[in-house]
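Chemist: Numbered according to full-length UniProt numbering, the sequence shown spans residues 1 to 353.
Just so you know, the hints here were simulated from the structure itself, not pulled from any lab data.
Hints are not guaranteed to be accurate.
[To be verified] Heads up, simulated DSS-like pairs for lysine-lysine below, C-alpha to C-alpha not over 25 Å straight-line:
1. Lys92 - Lys265
2. Lys248 - Lys265
3. Lys92 - Lys106
4. Lys350 - Lys248
5. Lys255 - Lys350
6. Lys255 - Lys265
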Amino acid sequence: MASPRAASNPPTLREIARRAGVSHTTVSLALRNHPSIPEETRERMRRLADELGYRSNVLVSALMSQVRLKQHKSGPEVVGFLTGGPAPDEWKHHSASVGFYEGARKRAQQLGMRLEPFWLGPGGAQAAATSRMLQARAIRGNLITPFAVPVYDHELDWGHLICVGLGYVYNHLALHRATHNHFRGATLAFERLHQLGYRRIGLMLDQDQNRRVNYGWLGGYLAAQSTLGTVRLEPLLTARGEEAAALKTWLRTAKPDAVIGFGPKQFLALEAAGRRIPQDLAFAALDVEQTNLDHVEEVTGINQNLTLIGATAIDILASQLYHNEQGLPQRPVYSMIEGYWVPGRTAPAKRGG
Numbered sequence: 001m002a003s004p005r006a007a008s009n010p011p012t013l014r015e016i017a018r019r020a021g022v023s024h025t026t027v028s029l030a031l032r033n034h035p036s037i038p039e040e041t042r043e044r045m046r047r048l049a050d051e052l053g054y055r056s057n058v059l060v061s062a063l064m065s066q067v068r069l070k071q072h073k074s075g076p077e078v079v080g081f082l083t084g085g086p087a088p089d090e091w092k093h094h095s096a097s098v099g100f101y102e103g104a105r106k107r108a109q110q111l112g113m114r115l116e117p118f119w120l121g122p123g124g125a126q127a128a129a130t131s132r133m134l135q136a137r138a139i140r141g142n143l144i145t146p147f148a149v150p151v152y153d154h155e156l157d158w159g160h161l162i163c164v165g166l167g168y169v170y171n172h173l174a175l176h177r178a179t180h181n182h183f184r185g186a187t188l189a190f191e192r193l194h195q196l197g198y199r200r201i202g203l204m205l206d207q208d209q210n211r212r213v214n215y216g217w218l219g220g221y222l223a224a225q226s227t228l229g230t231v232r233l234e235p236l237l238t239a240r241g242e243e244a245a246a247l248k249t250w251l252r253t254a255k256p257d258a259v260i261g262f263g264p265k266q267f268l269a270l271e272a273a274g275r276r277i278p279q280d281l282a283f284a285a286l287d288v289e290q291t292n293l294d295h296v297e298e299v300t301g302i303n304q305n306l307t308l309i310g311a312t313a314i315d316i317l318a319s320q321l322y323h324n325e326q327g328l329p330q331r332p333v334y335s336m337i338e339g340y341w342v343p344g345r346t347a348p349a350k351r352g353g
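Sequences are here, hints too, so could you generate the full structure?
Modeler: Have a look at this one:
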């Protein structure tokens with residue numbers, strides 16, 4: 001039961017400090033989980049604050065953090081943008097990473113921080129050196145962008161890092177994440193194609209693409225297929241090297257009138273198989289921002305809201321930085337961002353549909 005004091009006027013930090021017999025600075029640091037305060041003291045301050053009905057004012061806390069930052073640092077707090085791949089600038093060739101970066105950079109700037117890329121080396125070979133450099137420069141917070149090739153994590157000093165994953169990078173680790181809602185993206189694409197009159201809607205993905213999004217696209221497709229009452233087609237999930245033959249067989253047996261695919265690879269494969277889009281069948285991309293084709297004016301499909309995902313990741317990281325939440329979280333939180341439908345020109349309304 002809340003105390004009368006807690007229900008009316010919550011106590012200040014100074015009042016909690018007087019009750020605990022410590023300075024108000026100690027209370028402030030303890031409630032922000034600062035490592036300079038012993039864990040036993042932090043827990044005692046948290047219990048006392050709860051008993052007295054203390055509630056932090058988020059806006060005031062953020063403002064005071066900015067004041068303290070400007071008093072003690074000559075510039076904005078740097079946030080790392082950790083990348084992988086064979087070269088330092090490899091991430092700039094992938095529209096997802098570019099979108100994440102731009103959204104995160106703008107949001108970081110609004111919060112008085114600065115985003116800076118750091119390369120983990122080919123396959124993560126420089127991860128240990130990067131960790132040491134981040135600590136030497138007192139860079140606490142980092143975003144990790146998805147990698148086009150495997151980048152091993154065993155040399156990253158997770159215990160001293162505060163990290164947020166973008167998408168499903170390092171999916172085997174307990175990281176807070178900001179990601180597209182891939183399940184909803186697939187169901188939305190299916191629903192819109194259905195509204196346009198298509199009834200034999202197929203899904204075409206690489207097995208690796210399916211795995212990299214935690215099977216969200218496949219799950220969304222199967223859910224939409226079962227609820228909308230359309231003809232149920234077996235999705236085409238291909239392994240490297242078997243795509244052309246498997247696609248030819250699938251087109252002959254499934255006879256789709258519309259195909260949902262990740263992006264350019266599936267679009268071009270359908271054309272190589274002799275299908276004209278949209279004359280012979282419609283196509284909807286699950287990521288239109290990565291489906292830039294010179295001979296197509298505008299591809300129909302899902303815009304994943306990449307910049308909003310990046311901005312959301314910064315908001316998550318800002319909260320972690322404020323509370324000094326170093327290391328991997330015990331209960332990771334996924335923030336899933338909705339995409340939106342882009343009508344485009346590759347899936348017109350079906351005549352007679």
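Chemist: Could you run down the list of hints and mark each one as holding or not?
Modeler: Going through the hints against the structure:
no., hint, result
1, Lys92 - Lys265, "holds (19 Å)"
2, Lys248 - Lys265, "holds (15 Å)"
3, Lys92 - Lys106, "holds (17 Å)"
4, Lys350 - Lys248, "holds (23 Å)"
5, Lys255 - Lys350, "holds (15 Å)"
6, Lys255 - Lys265, "holds (20 Å)"
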